[in-house]
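Colleague: From first to last, the protein sequence lines stand for chains A and B.
Each step along the first sequence adds one to the number in UniProt numbering, with nothing skipped, and position 183 is 183.
Each step along the second sequence adds one to the number in UniProt numbering, with nothing skipped, and position 144 is 144.
Calculated from the structure, these hints are not laboratory results.
Don't take each hint at face value.
[Said to hold, decoys possible] Below, in silico cross-link-like pairs of lysine to aspartate or glutamate (EDC-like), each with a Cα-Cα straight-line distance of 16 Å or less: (1) A:73 - B:162; (2) A:91 - B:101; (3) A:70 - A:21; (4) B:154 - B:177; (5) A:33 - A:154; (6) A:33 - A:203; (7) B:154 - B:101; (8) A:104 - A:129; (9) A:91 - B:177; (10) A:73 - B:171; (11) A:104 - B:157.
[Claimed, not checked] Partner residues aside, some chain B positions facing chain A, computed with beta carbon under 7 Å: (12) 56; (13) 158; (14) 159; (15) 160; (16) 163; (17) 165; (18) 166; (19) 171; (20) 181; (21) 259.
Even glycine gets a Cβ: it sits at the ideal position worked out from N, Cα and C.
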Amino acid sequence: MGAIRFDNVGRIYGNKQDGFEALKGVELEIADKEFMAVVGPSGCGKTTCLRFVAGFDRPTSGMVSVDGVKVTKPGPDRAVVFQQFALMPWKTVRENIELGLRNKGVPRAERRERIDRILALMNLTGYADAFPHQLSGGMQQRVSIARAYVLDPEVLLMDEPFGALDAQTRVVMQEELVRLARRNPRTVMFITHAVEEAVYLADRVAIMARQPGRVKEIIDIRSIREAERWDDHEKIEDVMDLESFVHLRTQIWRSLRQEKAMEIA
Amino acid sequence: MRDMRIFDTNNTVVLGLIGFGGFLAVWTLLSLSGLIPSLFLPSPAAVVERFVYLLNHRFAGGTLVDHLGASMLRFAGGFGLAVLVGIPLGLLMGWFRLLDDIVTPLFDAVRFIAPIAWVPFAALWFGTGIGGPIMIIFAGAFPPCLINAYRGAKFADPRLIEAARMLGTPDRRMITEILLPSAVPSIIAGLRISAGLGWQSLVGAELIVASTGIGYMMVQGQGNVSTTTVMAGMIGIGIIGLVIDVVLRRVEEAILRRRGLSA
């Protein structure tokens, strides 16, 4: 279980009358085990929406719930992968991944076993005793994803997780995430600027608009991906070459560009 | 410019020696010039001679080493107490808003009272042996311990705190495993200030209340009109202070290096 629901969610900064309305009437449902990407221009409030689900912030109106229960505070059932990794620099890779398991009271032997398994899955075997600063950005983000996945959370919240990585590393991480998500599906809310990334990874893509921030359109990717058998292609560039992929990407770009045009006008 | 290499900022040892050398040169010139009577300003040679003499001759109940030892024991007591109370309290205040709101106004008022001002009460409550001086050192050393632990915790990277909260970290572990390590650089900077103020307060306290210690020795030197004794004491204080600071700086560097934060 892990269905996310935004019910007429709004966020106003300052007072209710003349404050800044960052989000207004956000409606969004992410089904259990669904991978939802959220795209939108800067300042549309997509990260704020993710922070509501994480329990870091609260909406000023409406409700955000997971499995029908209103979100009030952060917790390991909703693991977050941050853009800037947010690993504890004084803890080794193993210690970073271990913290959530210790908080849950998982016994030592089981912790070791689960961490070894996730390290292998994320191609991090041999780096358990390294400190984050000794690793590349891509590897640090793998540790951050491992830290989230090891908790076996219902919901995985990813806030532009590949935004701080170079282009090549980014592609590798996207391919790895697809494999991980197909093998071990979770409810995922994935915030990104990159349209290709959204189309490649997600089951559905929510397009947000700004001033005030709201969900403008939701595009279904999954039915097309399954019909066109994208998952038969191992490499991201092969998928990106498919006509169906290009078509969806263009559709989302148009929708975003309308936004930009309205902004300028 | 090649002749300026000596002033290269990397060359801190050389620059430090230049400072000491210059100071000694001015001092020597002044005492040799005969402008100032040697009682008022003993020559460096006379002070060094006295310093060496005091190392293995008893004065005011003990050698210089005995007095410094007694002082350091008190210092260890007062400084240790300040660290043990100040750092946990500062971290707790940095995490629990309620505690912060209760303690901060009181603390801000009390910390401006000079440690020496506590002398009458320190003597009254804890005596002039070890307790009184320890309280005065504590009064000097406590505020930087608390303030820097508090600031370190308060200004810990909010992203790391969010990450820890997301991982379900309970309050106690949040303080020991997230806030404390975050605050370490700030705490060490605080310890350096704290050790300095504590060591200063100690000598001030001993001038008045103690019956042993380096400060006491200096008062006795003053009583015997032995200005060389007073200056030998000052050298002893300076050396110990420098040693404390160097040790803390080494610890700081080691911790930062471990985290990849410095070259």
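Colleague: So, for every hint listed, does it hold in this structure?
Modeller: Results of checking the hints against the structure:
no.: 1; hint: A:73 - B:162; result: holds, 11 Å
no.: 2; hint: A:91 - B:101; result: violated, 31 Å
no.: 3; hint: A:70 - A:21; result: violated, 22 Å
no.: 4; hint: B:154 - B:177; result: holds, 15 Å
no.: 5; hint: A:33 - A:154; result: holds, 8 Å
no.: 6; hint: A:33 - A:203; result: holds, 10 Å
no.: 7; hint: B:154 - B:101; result: holds, 13 Å
no.: 8; hint: A:104 - A:129; result: violated, 22 Å
no.: 9; hint: A:91 - B:177; result: holds, 9 Å
no.: 10; hint: A:73 - B:171; result: holds, 14 Å
no.: 11; hint: A:104 - B:157; result: violated, 23 Å
no.: 12; hint: 56; result: violated, 46 Å
no.: 13; hint: 158; result: violated, 9 Å
no.: 14; hint: 159; result: holds, 4 Å
no.: 15; hint: 160; result: holds, 6 Å
no.: 16; hint: 163; result: holds, 4 Å
no.: 17; hint: 165; result: holds, 4 Å
no.: 18; hint: 166; result: holds, 5 Å
no.: 19; hint: 171; result: violated, 11 Å
no.: 20; hint: 181; result: holds, 4 Å
no.: 21; hint: 259; result: holds, 5 Å
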